[in-house]
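Make the full structure from the sequences, and use the hints.
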Amino acid sequence: DTGVSQDPRHKITKRGQNVTFRCDPISEHNRLYWYRQTLGQGPEFLTYFQNEAQLEKSRLLSDRFSAERPKGSFSTLEIQRTEQGDSAMYLCASSLVENTEAFFGQGTRLTVV
Amino acid sequence: GIQVEQSPPDLILQEGANSTLRCNFSDSVNNLQWFHQNPWGQLINLFYIPSGTKQNGRLSATTVATERYSLLYISSSQTTDSGVYFCAHDTDKLIFGTGTRLQVFP
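Residue numbers (the working numbering), protein chains in the order written: chain A, 1 to 113; chain B, 1 to 106.
Treat the hints as calculated values from the structure; they're not laboratory data. Glycine included, every Cβ here is placed at the ideal spot set by N, Cα and C. Treat the hints with caution; some may be incorrect.
Unchecked claim - If you only want the chain A side, here are some residues facing chain B, beta carbon under 10 Å, derived:
no.: 1; residue: Q37
no.: 2; residue: P43
no.: 3; residue: T47
no.: 4; residue: A53
Next up, the structure:
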């Protein structure tokens, strides 16, 4: 069991560029979650998938954000036309099903300059 | 939605001291987890504890679901315990509290 894996660990991009992050969940986990965390705050929920179906999106997820989990395995989170306010740690988590223990990856730290 | 409040927001201890961190939630929950976020940002699972008491080494946790709170006990604290501690409840996704920042000095 390799745990939840996120790539890249760090990303620096210029404002207006598009970025894509990848998350590989624990292999048998059906649920996959994306969170965003800014300095001094707790992680904030963005969206989650049950297998390949995206079941809920937070109001935080503007139309510049899109997430996919095409085959119910890995997931990608894309941010288009990045803004400085998008600078944050993006965390991915997975769990077997609802209401079971969730495990987090190491996160992708995004800096928009 | 359910609100999660953690106290204290900040805690400074000398090595060897004991501490209690509290998590209050505004409605009944199906699941509660405690995490430690290390300086690199990784969230480390401490306890999955919808109810009852669990212990793991110097750490233990108790959740009283009927009274809507959970406690995390850290005994004989070490400098490596420093970081931010989060509780999070799960309805269909984890909702996090604001965290307790712990600093342990030698």
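Hints and how they fare:
1. Q37: holds (8 Å)
2. P43: holds (5 Å)
3. T47: At about 9 Å, which falls below the 10 Å cut-off, the nearest Cβ of chain B leaves the hint on T47 (chain A) intact, so it holds.
4. A53: Result: violated, 13 Å to nearest chain B Cβ.
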